[in-house]
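Generate coordinates for the entire structure from the input sequences, incorporating the hints supplied.
Protein sequence lines correspond, in order, to chains A and B. Okay, so the first sequence: first residue is -13 according to my numbering, each after it adds one. Okay, so the second sequence: first residue is -13 according to my numbering, each after it adds one.
Keep in mind that the hints were calculated from the coordinates and are not lab data.
The list treats identical chains as interchangeable, and a pair is accepted whether it falls inside one copy or across any two copies.
Once the Cα atoms are required to be at most 30 angstroms apart in a straight line, the calculated BS3-like pairs of lysine-lysine come out as:
(1) K115 x K(-5)
(2) K(-5) x K116
(3) K116 x K82
(4) K115 x K391
(5) K116 x K(-9)
(6) K(-9) x K242
(7) K115 x K(-9)
(8) K82 x K115
(9) K115 x K152
2 protein chains.
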Amino acid sequence: MSESKIPYKIYLSEEEMPTSWYNMRADMTNKPAPLLNPGTGEPLKAEELAPIFCEELVQQELDEETPYTPIPQEILDFYRMYRPSPLVRAYCLEEKLQTPAKIYYKFEGNNTSGSHKLNSAIAQAYYAKKQGLRGVTTETGAGQWGTALSMACSYFDLDCKVYMVKVSYEQKPFRREVMRTYGASVVPSPSDTTEVGRQILAEHPGTTGSLGCAISEAVEVATSNEGYRYVLGSVLNQVLLHQSIIGLETKAALDKYGIRPDMIIGCAGGGSNLGGLIAPFMGEKLRGEADYQIIAVEPASCPSFTRGIYAYDFCDTGMICPLAKMYTLGHDFIPSANHAGGLRFHGMSTTLSQLYHDGLMEARAIEQTSVFEAATTFARVEGILPAPESSHAIKVAIDEALKCKETGEEKTIVFGLTGTGYFDLTAYEQFNNGTMNDYIPTDEELEASFAKLPKVGE
Amino acid sequence: MSESKIPYKIYLSEEEMPTSWYNMRADMTNKPAPLLNPGTGEPLKAEELAPIFCEELVQQELDEETPYTPIPQEILDFYRMYRPSPLVRAYCLEEKLQTPAKIYYKFEGNNTSGSHKLNSAIAQAYYAKKQGLRGVTTETGAGQWGTALSMACSYFDLDCKVYMVKVSYEQKPFRREVMRTYGASVVPSPSDTTEVGRQILAEHPGTTGSLGCAISEAVEVATSNEGYRYVLGSVLNQVLLHQSIIGLETKAALDKYGIRPDMIIGCAGGGSNLGGLIAPFMGEKLRGEADYQIIAVEPASCPSFTRGIYAYDFCDTGMICPLAKMYTLGHDFIPSANHAGGLRFHGMSTTLSQLYHDGLMEARAIEQTSVFEAATTFARVEGILPAPESSHAIKVAIDEALKCKETGEEKTIVFGLTGTGYFDLTAYEQFNNGTMNDYIPTDEELEASFAKLPKVGE
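Structure below.
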């Protein structure tokens, strides 16, 4: 099909929507290292994970062999309310940059949760319902995951308890209200509703909380209440599996018009969006069928890939979760308080860590003022106010398109636009007022954090 | 096509998008009454409007004969970034209500401005640019219009000055920041940047502003600065013309699947969304080709159609704008402070007023707690957090679907979902906390307001 025929937005029809998720691990020669029991240092078994996670999700977590998992009809039905999401040709951005590059973005912000998180939230809620559970617990920081999970639980009529980092609970009342509108109970963490919360409050009466503490509370409630399980919105293999719908749709839309991307760019915090977006492309790369340049973009203030160590570490600050082998800044690492938006996790998906370790993808770290500059450029021409997280990918896409301008190359660039920035306007305000700062951790800070890594699996 | 084949979302392809706007007035036997010069009481001529509005927009405002106006290519190009908007079959809402009715909604919230306002903002910015103007001025209350106009001006590189009602400026900092991100200057009104603003501040030092005052400031700036014009986001005929894209797309999508609606429901403030949504359906009705039940839904706290008078009145509280014959509560009427969301205009589009007067459409007034109840029901099953304005239409759509449940009728209901509620979470919070109140103006209040109507055109 000729160039001029490519529409602004490529929508697949509902019949063209993928009906299976794709598991990259099935095609990996070097599988990601297994999760370890922090007590024994042994690989975790399904029965050890079952008290925390839903049964089918445990299977998905551990399954390294099955490439395709059919998406259950109930999840497909829900997906059809907001999917397929559009693959947009960024004609206006190309024009603004005067680049010969062809830029496409997969837009996942077109649902009330405002981000791609819903793709996995609805799957996890479905399996919880199917298992006959009463409800699920989780933590949320910036609020994207909590919002998505609240929606999903309301759809399946499941109870949803969200432990929200206290400082976010107070600073982001609108995020809290969306979750309440969807019927979730939202508790500022640390709280007196859990043992661990009461302990922390006694030790640190003035604390404003942390993601690590909220995880601990959510896990305690899940494991000590009949009919509850804990769910997580990133990092895990099961989450990457569900998020593969992003990449599968992207690939189907590109294939429909005979477009072959040169480069795929995504932001990376725990890795759920990136892992989903690149899945089928990485699959082709792993199977030697095609090659693509794949770039993970992370904040310079939380640079797990670019400055972290590939080692076993705890997934949470509280050291109650399993050990995962991943690129990590150390479970004690907390990004500077002036870091806006998400992508704050100290580690990274074990699957993406292995792929990065094997040289199958690159990574770049970007400072936040350049991120917001790219976000503003994008918003003004493309008409979507991007989330700060997504804007990391925008920044590198713009950089690459400008390189093409210099070299005259007509590269095809695809990036993931994971969500909208409606709830991040405090950060935009700082940027608009010129009061936003950059902060990059020093080598000494990182060394101190690395020193606390557990001595396991070495 | 069989019922089971109707997808969750009907997307037209970009080729199927309408390429002309439709002007209902061309098919009206009883044309809406003309705007009058408040000084002379005579119908306003193009040359009297030209210092305030862009030239081509003046032509569109006064043109009662031309049914179809081709949409300029530049506007079509912008439309393609977010249009065609989806027509969604509300399968999940139907299931929740257990109704035999078939419910569809046209979703206009899928762009950063978050509402249908962008359809006219981009058109007005285009004509301003084409005329070689430097910029435009406007007022905004809740912020949907100001946001849309900022986006549109940023796209055409026009200066944009927004006078934002001071109480909203302070209570809705996020709305303000979106506009600033798009490069607009946002001034809290009343301000010391205008003659009229200084006057009002001197007389009422503590005032938190009103839409009427913000209009006066915006008009003063437009008419006293070389290369500026004033633009308005509702009420005017030109705005209804641009918004006809909503209805034309809706009709095309329904026709594609052979669906004939029984009932079309839209919320009404100044009438821009409703006038756009119903346009082609009303056209068929006016030409005697088909019949549809058309329902305008307004807040019980600002009930222009259901309790207003059909008379000439000022379009603004400050009495500097033209006189329009419309259903009005009186230009002095301001809805109770506890009224959340938009739909606060004291009057109504002259075109819709005439159609209502001629019995071609009905109107209902709804109290806001029932509106938020409907909004919450909808959000939980359909996955979109609706704007309070749009939720007026949702409420009546649900009422009608429940009537069908009683009677067993399989009516096809189409309603307009004009936007998202991301910036209205303070109101959702009140509703969630049970602190939201209803307020209906008393007959005495309305009588007092009617007494101030100008004695013109009687």
